[in-house]
Amino acid sequence: MSKITFPIGINTAAIHAGEEPDPFTGASAPNIVMSTTFVADANAGFSVEGLEEDAAWIYTRWGNPTIHQLELKLAALEQGESAIAFASGMAAITALLLHTLRAGDHAIVSDVAYAALAEMTNEMIPGLDISITKVNTADTEAIKNAIRTETRLIYIETPCNPLLRLTDIQEIAKIAHGVGAKLAVDSTFATPLATRPLELGADFVVHSLTKYLGGHGDALGGAIIGSKAELAALRKTTAIRLGGVISPFNAWLIIRGLATFPLRMKAHAENALAVAKFLENHPRIERVIYPGMASHPQHELAKRQMKNYSGMITFQVKNGREAARVFAENLQIIHYAVSLGHHRSLIFYLPSAELLETSFKFKTPEQLASWKLFAGEGIFRFSVGLEDAEDIIHDLELVLERL
Amino acid sequence: MDKSFASRLIHLGEKNPESVSRTKSLPIAMTSVFVFDDVETLDQVYEGEANGYIYTRNGNPVHDALAEIMFNIEEGGDALVYSSGMAAISLSIISQVKAGDHIIAANVLYGGSFQFIKTELARFNIEVTFVDPINDDITPYFRPNTRVVYVETISNPLMEVIDLEKIAQVTHRHGAKLIVDNTFATPVICQPLLLGADIVAYSATKYLCGHSDVTAGIVVADKDTIKKIYSSGLLYGPTLSPFDAWLVVRSLRTLELRLIQHSNNALKLAQYLETHPKISTVYYPGLPSSPTFEVAQRIFNNNLFGGMLSIDLADGERGAYELLRNLETIKFVPSLAGVSTSTSYPAKTSHRSLNEEELRKANISKGLIRISSGLENVDDIIQEFEKALAKI
Numbered sequence: 001m002s003k004i005t006f007p008i009g010i011n012t013a014a015i016h017a018g019e020e021p022d023p024f025t026g027a028s029a030p031n032i033v034m035s036t037t038f039v040a041d042a043n044a045g046f047s048v049e050g051l052e053e054d055a056a057w058i059y060t061r062w063g064n065p066t067i068h069q070l071e072l073k074l075a076a077l078e079q080g081e082s083a084i085a086f087a088s089g090m091a092a093i094t095a096l097l098l099h100t101l102r103a104g105d106h107a108i109v110s111d112v113a114y115a116a117l118a119e120m121t122n123e124m125i126p127g128l129d130i131s132i133t134k135v136n137t138a139d140t141e142a143i144k145n146a147i148r149t150e151t152r153l154i155y156i157e158t159p160c161n162p163l164l165r166l167t168d169i170q171e172i173a174k175i176a177h178g179v180g181a182k183l184a185v186d187s188t189f190a191t192p193l194a195t196r197p198l199e200l201g202a203d204f205v206v207h208s209l210t211k212y213l214g215g216h217g218d219a220l221g222g223a224i225i226g227s228k229a230e231l232a233a234l235r236k237t238t239a240i241r242l243g244g245v246i247s248p249f250n251a252w253l254i255i256r257g258l259a260t261f262p263l264r265m266k267a268h269a270e271n272a273l274a275v276a277k278f279l280e281n282h283p284r285i286e287r288v289i290y291p292g293m294a295s296h297p298q299h300e301l302a303k304r305q306m307k308n309y310s311g312m313i314t315f316q317v318k319n320g321r322e323a324a325r326v327f328a329e330n331l332q333i334i335h336y337a338v339s340l341g342h343h344r345s346l347i348f349y350l351p352s353a354e355l356l357e358t359s360f361k362f363k364t365p366e367q368l369a370s371w372k373l374f375a376g377e378g379i380f381r382f383s384v385g386l387e388d389a390e391d392i393i394h395d396l397e398l399v400l401e402r403l
Numbered sequence: 001m002d003k004s005f006a007s008r009l010i011h012l013g014e015k016n017p018e019s020v021s022r023t024k025s026l027p028i029a030m031t032s033v034f035v036f037d038d039v040e041t042l043d044q045v046y047e048g049e050a051n052g053y054i055y056t057r058n059g060n061p062v063h064d065a066l067a068e069i070m071f072n073i074e075e076g077g078d079a080l081v082y083s084s085g086m087a088a089i090s091l092s093i094i095s096q097v098k099a100g101d102h103i104i105a106a107n108v109l110y111g112g113s114f115q116f117i118k119t120e121l122a123r124f125n126i127e128v129t130f131v132d133p134i135n136d137d138i139t140p141y142f143r144p145n146t147r148v149v150y151v152e153t154i155s156n157p158l159m160e161v162i163d164l165e166k167i168a169q170v171t172h173r174h175g176a177k178l179i180v181d182n183t184f185a186t187p188v189i190c191q192p193l194l195l196g197a198d199i200v201a202y203s204a205t206k207y208l209c210g211h212s213d214v215t216a217g218i219v220v221a222d223k224d225t226i227k228k229i230y231s232s233g234l235l236y237g238p239t240l241s242p243f244d245a246w247l248v249v250r251s252l253r254t255l256e257l258r259l260i261q262h263s264n265n266a267l268k269l270a271q272y273l274e275t276h277p278k279i280s281t282v283y284y285p286g287l288p289s290s291p292t293f294e295v296a297q298r299i300f301n302n303n304l305f306g307g308m309l310s311i312d313l314a315d316g317e318r319g320a321y322e323l324l325r326n327l328e329t330i331k332f333v334p335s336l337a338g339v340s341t342s343t344s345y346p347a348k349t350s351h352r353s354l355n356e357e358e359l360r361k362a363n364i365s366k367g368l369i370r371i372s373s374g375l376e377n378v379d380d381i382i383q384e385f386e387k388a389l390a391k392i
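Taken in order, these protein sequences are the chains called F and U. Using our numbering, the letters of the first sequence map in sequence onto residues 1 to 403. Using our numbering, the letters of the second sequence map in sequence onto residues 1 to 392.
Honestly, the hints are just simulated from the structure, not real lab data. Possibly wrong hints are sitting among the right ones.
[Unchecked claim] Computed far set for chain U versus chain F, every beta-carbon distance over 12 angstroms:
| hint | residue |
| --- | --- |
| 1 | D37 |
| 2 | D38 |
| 3 | K98 |
| 4 | F124 |
| 5 | V214 |
| 6 | W246 |
| 7 | Q261 |
| 8 | N265 |
| 9 | E294 |
| 10 | K331 |
| 11 | S340 |
| 12 | E384 |
[Stated by the list, open to error] When the alpha-carbon atoms are kept at most 30 angstroms apart in a straight line, the in silico BS3-like pairs for lysine-lysine are as follows:
| hint | chain 1 | residue 1 | chain 2 | residue 2 |
| --- | --- | --- | --- | --- |
| 13 | F | K266 | U | K268 |
| 14 | U | K118 | U | K98 |
| 15 | U | K118 | U | K361 |
| 16 | U | K223 | U | K331 |
| 17 | F | K174 | F | K236 |
| 18 | U | K223 | U | K166 |
| 19 | F | K277 | U | K118 |
| 20 | U | K24 | U | K3 |
| 21 | U | K166 | U | K278 |
| 22 | U | K278 | U | K223 |
| 23 | F | K318 | F | K144 |
| 24 | F | K307 | U | K268 |
| 25 | F | K303 | F | K144 |
| 26 | U | K24 | F | K318 |
| 27 | U | K278 | U | K118 |
| 28 | F | K174 | F | K363 |
| 29 | F | K266 | U | K24 |
| 30 | F | K266 | U | K331 |
From the three backbone atoms N, C-alpha and C, an ideal C-beta is built for every residue, glycine too.
Start from the sequences and build out the full structure, keeping to the hints where you can.
Set out below in structure tokens:
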């Protein structure tokens, strides 16, 4: 592609950024370069230590033309200098944690987060002599109180999974930088159409590309976006050494998914708002949480920090566990399944007691109170899809009648 | 060890593991052939008494998934998928005619369809009359042996919209079938079967796939008609790769979102170009200046007019060449309907096979550029045209 000489919008970036027609054939769509290795010239180095930024392609775990196009596109969408793609969201998170933290370091991690991260930071990471403090990152004072001299990283999710509780990125970035720590933001639920954490002061953005960015429920992937210098160092160490490399084919599917990502996000958000409004007025529903509604406890922050409220909602009903059975057996359109961010609507019940036992181990009554405020005894996490809103609502209506 | 190393390498992993849950995404059934436990089952499948697959040229689960989506949104009885739009178009026509028959076709058609009808069908002694179904009454051209009327919803490249309701009535009054290539419109914008057409054919390479990465064709009609086309297709053999079918299924998930954006962008671009002094004419069915604006308003859904438009440069051939050279990110690509905006030069691409006389008759000038408006922010598209036109 010729260099674009004027600033472009996010739809244009989603389609064009990072891509160029194949120099040999002129192929307009990106090639799937399904090659593990590349024919090198005689003076190519054998160690990643000497890897220059403009080096020729050598080995796909180090870099690959298809994966590279995905990385350039992700960097452009997040307005970051650089990006690295991984085999999964968890591969990205692992590479980030092990790049930023050493034995003796301390990190502050959101006390409610994607369960795999929560569990990883409960035992595995502390096992490497890295201490972790879990706090409610929506509570600025709690973060300030958790800071130690050896704090190197603050890791947040906003909106967090599964509560949809928000964290003020700008506020936390100031705190982190004040003590020489880095701020990493998992922006999987928000996507760059809603929020660009780097512009708000974050040092790293993490994505599970499996969700909204890929958007079709068919390819796993993850990414870290950040500064050129940091990511160049990260690539040489944890990215290449831990080996969580994404398949060029999956990278290509995600590039393809990204072309329609801004369109999809607008539709997800419109549908989610319609569904949330329906649920809020339904007699069987006790509580609905959606950042786009005035009833969300942090709606003011949502308005300030999110240009799009995304497609995730949670809701509570009486006797959630029994309701979950009725939902699983009777929903016609909505799939009762984990994961999120696909074109299909997906719903799953998360009982509080079980999650507080396995994933989120709170230390203070305030932490528990915040959980109860958002989740009560348990929530249905609902990833609202791209179907017609009326059909999603109809499907829910019929099932709710059975409760 | 009861089996040799090689046998285990070849056979293990063939049977799906037992599972009470299913893959949430459609699996890619990348297989040419299917396995039977006994001859009785094979017989039942061949005779249509049991649901099953035999050989991918006869059918494949991914083909069926794609067909199911298409006949549903098209409100038809059944659908077939093929390896290209030309396979879908040629089979639709061939299934309806035999030697000695006559067909009426629009005089402005996609170049490939025009050549197929003009030269290939002639080899089988099938006569054709090309007429202008938009500005002329086609009634006088029917003969007792006329079997098919073949048109495109939106003509290429002048973007005129045909009154499908009227054409369907005239066609049926003469006992013929109406075949419509609905590629430019898609079922989001127009559903020809609901307007009276008998067969709808698509180059799925275009909007249905929409990402410029698959070549495919689709036919939708009632069940009996599809059966006839199926038997022809089985013999001609233009089988769509299950992988490509899977990509088209994936694309259809966003078809409506894409078509809304394609249409909105095209309308704004058309409105901008219509006021530009270096453009003499803009051809877009959503402009009140279009000769077929009223027809489009009547037969199109949701007040959408599609992503395709054409422009005539005031400077003619020289202006067209310069514009194509000056555009930077908007590429000269002899196809259409991808996520990115692209241009084409009909006189040298889609209508290259037409001679000077045929080009003149079809009103395709040397200054005509066709634009496929993409999904970018429309301001970016307009800005690029503005810069490129300023240099002419």
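Going through the hints against the structure:
1. Residue-level check passed: U/D37 sits 31 angstroms from the nearest beta carbon of chain F, beyond 12 angstroms.
2. Under the 12 angstroms C-beta cut-off, the non-interface status given to U/D38 relative to chain F holds; the minimum distance is some 35 angstroms.
3. Non-interface status of U/K98 relative to chain F is upheld: no Cβ of that chain comes within 12 angstroms, the nearest being about 40 angstroms off.
4. With a closest Cβ-Cβ approach of about 36 angstroms to chain F, U/F124 is found to remain outside the 12 angstroms limit, as its non-interface label requires.
5. Distance to chain F contradicts U/V214 as a non-interface residue, since its nearest Cβ pair spans about 9 angstroms, not more than 12 angstroms.
6. The claim that U/W246 is not at the interface with chain F is violated, since a C-beta of that chain comes within 12 angstroms of its own (minimum 9 angstroms).
7. Its beta-carbon lying about 6 angstroms from the closest one in chain F, U/Q261 breaks the requirement of being farther than 12 angstroms from that chain.
8. Chain F draws U/N265 into its interface by the beta-carbon criterion, the shortest separation being 9 angstroms against a cut-off of 12 angstroms.
9. With a cut of 12 angstroms on Cβ distances, U/E294 stays outside the contact zone with chain F, its closest approach being about 29 angstroms.
10. The claim that U/K331 lies off the interface is violated: its Cβ sits roughly 6 angstroms from the closest Cβ of chain F, which falls inside the 12 angstroms cut-off.
11. Not every beta carbon of chain F lies more than 12 angstroms from that of U/S340, the smallest distance being close to 5 angstroms; the non-interface claim is violated.
12. A Cβ of chain F approaches the Cβ of U/E384 within 12 angstroms, the least distance being about 8 angstroms, so the stated non-interface status is violated.
13. At roughly 20 angstroms between alpha-carbon atoms, F/K266 and U/K268 fall within 30 angstroms of each other, so this suggested pair holds.
14. Between U/K118 and U/K98, the direct Cα distance comes to roughly 15 angstroms. Compliance with the 30 angstroms bound is thereby established for this hinted pair.
15. Restraint check for U/K118 and U/K361: satisfied, since their Cα atoms lie roughly 15 angstroms apart, inside the 30 angstroms limit.
16. A threshold of 30 angstroms between alpha carbons decides the hint, and for U/K223 with U/K331 the separation of about 41 angstroms lies outside it, so the pair is violated.
17. For a cut-off of 30 angstroms, the pair hint linking F/K174 to F/K236 stands: about 29 angstroms separates their Cα positions.
18. Restraint check: the Cα-Cα separation between U/K223 and U/K166 comes to about 24 angstroms, which is no more than 30 angstroms; the hinted pair holds.
19. Among the hinted pairs, F/K277 with U/K118 is inconsistent with the structure: their alpha-carbon atoms are about 58 angstroms apart, more than 30 angstroms.
20. Proposed proximity of U/K24 and U/K3 is contradicted: the alpha carbons are some 34 angstroms apart, above 30 angstroms.
21. The hinted pair formed by U/K166 and U/K278 fails the criterion: a straight-line CA distance of about 37 angstroms is larger than 30 angstroms.
22. Taking the CA atoms of U/K278 and U/K223, the gap is near 50 angstroms; set against the 30 angstroms cutoff, the hint is violated.
23. With a C-alpha separation of about 37 angstroms, the suggested pair F/K318 and F/K144 falls outside the 30 angstroms cut-off, and the hint is violated.
24. With a C-alpha separation of about 24 angstroms, the suggested pairing of F/K307 with U/K268 holds against the 30 angstroms cut-off.
25. At roughly 25 angstroms between alpha-carbon atoms, F/K303 and F/K144 fall within 30 angstroms of each other, so this suggested pair holds.
26. For the proposed pair U/K24 and F/K318, the alpha carbon gap of about 29 angstroms is at most 30 angstroms, so the pair holds.
27. Taking the CA atoms of U/K278 and U/K118, the gap is about 36 angstroms. The hint is violated against a cut of 30 angstroms.
28. With a C-alpha separation of about 25 angstroms, the suggested pairing of F/K174 with F/K363 holds against the 30 angstroms cut-off.
29. Taking the CA atoms of F/K266 and U/K24, the gap is about 24 angstroms. The hint holds against a cut of 30 angstroms.
30. Our distance criterion of 30 angstroms between C-alpha atoms is met by F/K266 and U/K331, whose separation comes to about 27 angstroms.
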